[in-house]
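> What follows is the residue order along each chain.
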Amino acid sequence: MFPSRFDLVVAQSVGEAVEAKADAGEGGRFLAGGQSLIPMMKMRVAFPETLIDINRIAGLDAIEQSNGHLQVGALVRHADVVASDATFGAIAAAAPWVADPLVRNRGTMCGSVAHCDPEGDWNSVLLATGADVVAQGPNGERSISIADFVDGAFTSTLGEDELVVGLRIPVPSGRSGGSYLKLERKVGDYATVAVASHLELDDSGAISAAGLALTSVNPINTKVADAEALLVGQQPSEDLFAEAAELAAAAAEPRDDVRGTAAWKRQVVRTYTKRGLAAAAQQAEGS
Amino acid sequence: MEITITINGSDHASDVEPRTLLVDHIRRTVGLTGTHVGCDTTSCGACTVLMDGKPVKACTVLAAQADGTEVTTVEGLKTADGLHPIQSAFTDDHGLQCGFCTPGMMLVGASLIAENADPSDDEVRWAISGNLCRCTGYINIVKAIQTAAARVAESSNGS
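So the protein lines, in turn, are chains A and B. Be aware that the first sequence starts at 1, since it is given in this note's numbering, and climbs by one per residue. Be aware that the second sequence starts at 1, since it is given in this note's numbering, and climbs by one per residue.
In case anyone wonders, no lab produced these hints; they're calculated from the structure. All values reported here derive from a predicted model rather than from experimental measurement. Among the hints, erroneous ones may be present.
List of simulated lysine-lysine pairs, DSS-like, C-alpha gap at most 27 Å [said to hold, decoys possible]:
#1 B:K78 / B:K143
#2 B:K143 / B:K54
#3 B:K78 / A:K186
#4 B:K54 / B:K78
#5 B:K54 / A:K42
#6 B:K54 / A:K186
#7 A:K186 / A:K42
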């Protein structure tokens, strides 16, 4: 299999890439790791007329903490996230579960975020931790909160003329922990169900901030806002997490498919939410 | 477009269509058929090559993206002294049955032992988790990679 014909523009700078995108219009797509886009092009479900390769742009491959944020450049591969010492909580937990080791050597975190595959892992993780997507367009840079960025299946609120140049993820200042529990049939498969958890604790040990999001059980990565609201202000406990798990299960609307029945997936959401929050709390208490 | 890829130490300059996949370029233009096309959908890893030392699925990389990189295929494993330790270990430990996944398994194994001199079972299984063996001969594949690691460690200790 091979893609339909396209023109390739190898951009040397962000400015050049954004300009090429403006010239290409609707038929243009950015290419970073290509681990989702190239397979889609080979299957002819995507057929861009112009591909703008951003891989040669210098300065986009850093993952580091600065100004209280984890900054992730557009060319940071999943493998770089796995190897990084700058990550924390749910980010560090999720990275080794993205795709498989070879795909992780090419695919980028920002590319996955921009791709908005509803079964992708990163957008759930970022909905739980909070994050800003940094987008560059012809009129400069802007930040979009991840909750506003994820708009639907394969759809974001990114402008037609904008490139995701990085992510800015707030690093918790106090005690915190996170987890990403993913059930998959085999390495590299989409999640059957996955749950991202993020907890921050105050000095009394009560939960001061909570993030909970689900993968593969709705038409879009889902932030369970009512469970998050329930958790904040409470002391971590098994009963509390069981209550949050009920809200998560209620927020999930999985479908029967080859990976399992809807009822069973909802039960996995319940179990993984309990376990995930407990793991996050344990990590936070030990931090 | 004009590209130059260093494949197994030799520069290969070609004029390729942008849509040419790296695996097809290696097999058809360069003529090295040790790199296999299996699923062609980024799942099986039969097309694994090392790009600047890291294993990637060559069915999911454009040849144009490999411009200026160093690519190692299974043909590039052997050295002037003979087989690469990973190749002799796969032979000795019967790390293959039909052989279709073997180039990818050996390249992933070679890349692993270059970074980890004594990989555990779990570490080997983790490293090859993006490569499928339809014969399900994983036990001996894991064993062969560990044998190769031990031999490399032994020979470097002895020198």
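> Could you run down the list of hints and mark each one as holding or not?
Consistency of the hints with the structure:
no. : hint           : verdict
1   : B:K78 / B:K143 : holds (20 Å)
2   : B:K143 / B:K54 : holds (22 Å)
3   : B:K78 / A:K186 : violated (32 Å)
4   : B:K54 / B:K78  : holds (18 Å)
5   : B:K54 / A:K42  : holds (23 Å)
6   : B:K54 / A:K186 : holds (22 Å)
7   : A:K186 / A:K42 : holds (23 Å)
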